[in-house]
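S.K.: Residue-level listing of the chains:
2 protein chains.
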Amino acid sequence: MTTPTEAPATLHAQDFTKPDGRTLTLYGLEPVTVTGEIPSPSPDPVDARPLLRWHPLRGEWVMYAAHRMGRTFLPPPEYNPLAPTSDPAHPTELPQGRYDIAVFDNRFPSLTLNAPTPPQGPAGTRAGVGKCEVVVFSQNAQGRLSDLTDAQVDLLLGVWADRTTRLAATGQIHSVLAFENRGVEVGVTLHHPHGQIYAYDHVPPVQARMTAQMEAYHAQSGRPWLPDFVEGERESGERIVHDDGESLSVVPPFARYTFETWVLPTRPVSLLSELGAGERASLARTLKDALLRLDGLFGVRMPYLLTVHQAPLDGPHPAFPLHIEIYPYLRAPGRMKYLAGTEQGAGEFANDKFPEAAAAELRAVSPTAGENL
Amino acid sequence: MTTPTEAPATLHAQDFTKPDGRTLTLYGLEPVTVTGEIPSPSPDPVDARPLLRWHPLRGEWVMYAAHRMGRTFLPPPEYNPLAPTSDPAHPTELPQGRYDIAVFDNRFPSLTLNAPTPPQGPAGTRAGVGKCEVVVFSQNAQGRLSDLTDAQVDLLLGVWADRTTRLAATGQIHSVLAFENRGVEVGVTLHHPHGQIYAYDHVPPVQARMTAQMEAYHAQSGRPWLPDFVEGERESGERIVHDDGESLSVVPPFARYTFETWVLPTRPVSLLSELGAGERASLARTLKDALLRLDGLFGVRMPYLLTVHQAPLDGPHPAFPLHIEIYPYLRAPGRMKYLAGTEQGAGEFANDKFPEAAAAELRAVSPTAGENL
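If you're matching them up, the sequences are chains Y and A in order. Each step along the first sequence adds one to the number in our numbering, with nothing skipped, and position 143 is 143. Add 373 to the 1-based position in the second sequence for our numbering, that's all there is to it.
Next up, chain Y with everything else stripped away, as it sits in the complex (with noise of 0.2 Å):
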């Protein structure tokens, strides 16, 4: 195992409120300088209720958030809230300046830090204490993640990681997940390039699941898991997509979509806070490197959702690796992948494609082929 690199420089980051009482922040590569007024598209408090229910046979919490329905306020067709702010008389959640990622709270939230007691209900309900947040990952309306300059998705990283530790930091979340989920087919309706963070307040069961797994074979092997895959991974060099040395692409041998992609350091870190600056470049040109080798695959923007798993916050889990997985919708051109009986109703996915096959697929894809699309 190596040692860190030199920590990544400090981000530009400057927080505000606004009108309705909700957090922003602006991060950027320079200092960020913002115009005008913060906007939100209605001034009216978000009065979010979540709560929580415990399914008891799946053993795991269920968020419920029935939030107001039929807003007063009707958009024009071309109207993007996530743009910034160019008629006043029509209010995004962004103001105009200079910063390339903004993170506000999510308006209709599934959880909240202060989530008010349910007055009352079924056994195992409690309050959805937690945070919702969205991250805009750029100015550009059109972009993709993958569109971002290679320093861009490094700040976005930074971004991800600084959340992270704000959020630890509030004493009340155990565990956070960060994703993109994209494209029309699976439901987004607002094309802006843009994320989601959710914080729990406790460990959920993906989570949870990963870190007694990670821990069980570091106490029985004597060592983290991830090196040992690494090393695998390597010497067989069959399912790795793109290796830049301190990071690699891989399609994992227990691949459960077709073109399932995971990016990851080649040194174990549990959260993205501990990454070297070099070792922080590194997989955000890998991450960038893999979305366009998966938009390039078919010729069009694959749809697909990318989550950033890290260790619980609620204590040091160095087994855990930090990793970055990718799942693309698409099987074959034209041709989604659904989850159905086995996958929902047994928790076993059923894939019609070796890791194997598929790696050697993307390999073959350059990434300029994604380029434009």
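Any given hint could be a false lead.
Computed footprint of chain Y on chain A, listed as stretches where at least three residues anywhere in the stretch have a Cβ under 8 Å from a Cβ of chain Y [as the list claims (entries may be wrong)]:
no., stretch
1, 551-563
2, 643-654
For each label pair, taking beta carbons as the anchor points, the in silico distance ranges come out as [said to hold, decoys possible]:
no., chain 1, residue 1, chain 2, residue 2, range
3, A, Pro-450, Y, Glu-185, 51 to 61 Å
4, Y, Val-184, A, His-440, 27 to 37 Å
5, A, Ala-592, Y, Pro-316, 54 to 64 Å
6, Y, Pro-31, A, Ala-730, 47 to 57 Å
7, Y, His-191, A, Gly-651, 49 to 59 Å
8, Y, Gln-172, A, Glu-451, 38 to 48 Å
9, Y, Val-184, A, Glu-379, 45 to 55 Å
10, Y, Glu-185, A, Glu-451, 26 to 36 Å
11, Y, Glu-185, A, Ser-415, 48 to 58 Å
12, A, Ser-594, Y, Gln-172, 27 to 37 Å
13, Y, Leu-113, A, Ala-650, 34 to 44 Å
14, A, Asp-393, Y, Glu-371, 42 to 52 Å
15, A, Glu-744, Y, Gly-121, 50 to 60 Å
Hint data in this document are derived by calculation from the structure and do not stem from the laboratory. Note that CB positions come from ideal geometry on N, CA and C, so glycine has one too.
With chain Y held as given, fit chain A onto it using these hints.
M.R.: Relative to the frame of chain Y, chain A by itself:
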């Protein structure tokens, strides 16, 4: 707790072998008769070599089955492989004859009983042992499960029970999942009413979790979960959609999908085969009622996933409650529920309507509103 009622009458069943070696069973309310040959779309034996790989982070198996693509046979556009064969030049999966329900081995299985040991591969690779079956609900290509008569739905419950008993008798199967996936919205291209059965040589994650949770409940409270649940739901009444006495339908307080509906017997049993004749007939009526209401809700055939949850077959699991879960994919007219970051990346669902509200809407729908859609 009541005692079981009289056992259901033995169903009429007849076994056949297809030209390609696969098995076929025809089931009927009346004795089965067949006219002509037992067909198969292709005479070539199925050469499936499915395998399983272990996902070390999620701690679950992933199924791989890379089937021969590019079949030589080009069917006419109206070709329906699940209809009885009418033109011997284009054989389907089923013969002409008098029968209600047919079950045969899937021609493209994700699991087979005689799966060979994989030649080599990454650690955690093994043969994909199990069985995948197709269950054709009716000879009527345009019908739905809810278009069956009460007696035919009762027969279907009997068929699912019979398949489970037969699969258990192989000694190789530890868990059986029967399901129906319906709707073009979720990729179903074959509209002839049918479901599938996945039989695993291990207990998959969802069934393992449910079993552990229910056994913990039983150990802690001294009684199984189901009667407590039924009692609580009957007391509140808020979430019950229909109560047939020996069975009921309910939007559970922990529903993950907006109009999620559970159909269950009110006496706790762990397998379909443990139901008495009256209980099974009641469950069939309640199931049909639930499906008609879901279609009537928005006046369209609701896309859904229906899964039948029975206890693992690796030993007695009296704490496991047999039940049917229906996940309707529409949360409002024309608006699908998609599984995004929190559902797939954390295993935790977000629902924007309270189960109490959803149940009230379903109660207000007359089952007749779901007929003839």
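S.K.: Work down the list of hints and note, for each, if the structure agrees.
M.R.: Structure-based check of all given hints:
Judged by the Cβ-Cβ criterion of 8 Å, the stretch 551-563 of chain A is covered by chain Y as claimed, because 5 of its residues qualify and three suffice. For a cut-off of 8 Å, the count of residues in the stretch 643-654 of chain A with a CB near a CB of chain Y stands at 0, and the three-residue condition is violated. The beta-carbon spacing between Pro-450 (chain A) and Glu-185 (chain Y), approximately 25 Å, falls outside the hinted interval of 51 to 61 Å. The hinted range of 27 to 37 Å is satisfied by Val-184 (chain Y) and His-440 (chain A), whose Cβ atoms lie roughly 30 Å apart.
Distance hint check for Ala-592 (chain A) and Pro-316 (chain Y): the Cβ-Cβ separation is about 33 Å, which falls outside the suggested range of 54 to 64 Å. For the pair Pro-31 (chain Y) and Ala-730 (chain A), the beta carbons lie near 48 Å from each other, so the given range of 47 to 57 Å is met. A hinted range of 49 to 59 Å for the beta carbons of His-191 (chain Y) and Gly-651 (chain A) is consistent with their spacing of about 55 Å. Distance hint check for Gln-172 (chain Y) and Glu-451 (chain A): the Cβ-Cβ separation is about 60 Å, which falls outside the suggested range of 38 to 48 Å.
Between Val-184 (chain Y) and Glu-379 (chain A) the beta carbon distance is about 54 Å. The supplied range of 45 to 55 Å therefore holds. In this structure the hint that Glu-185 (chain Y) and Glu-451 (chain A) lie 26 to 36 Å apart at CB holds, the actual value being about 28 Å. Glu-185 (chain Y) and Ser-415 (chain A) have their C-beta atoms about 32 Å apart, which leaves the hinted 48 to 58 Å range violated. For Ser-594 (chain A) and Gln-172 (chain Y), the hinted distance range of 27 to 37 Å is satisfied, since their beta carbons lie about 31 Å from each other.
For Leu-113 (chain Y) and Ala-650 (chain A), the Cβ-Cβ distance of about 55 Å falls outside the hinted range of 34 to 44 Å, so the restraint is violated. Checking the proposed 42 to 52 Å range against Asp-393 (chain A) and Glu-371 (chain Y) shows it holds: the Cβ atoms sit about 47 Å from each other. Distance hint check for Glu-744 (chain A) and Gly-121 (chain Y): the Cβ-Cβ separation is about 35 Å, which falls outside the suggested range of 50 to 60 Å.
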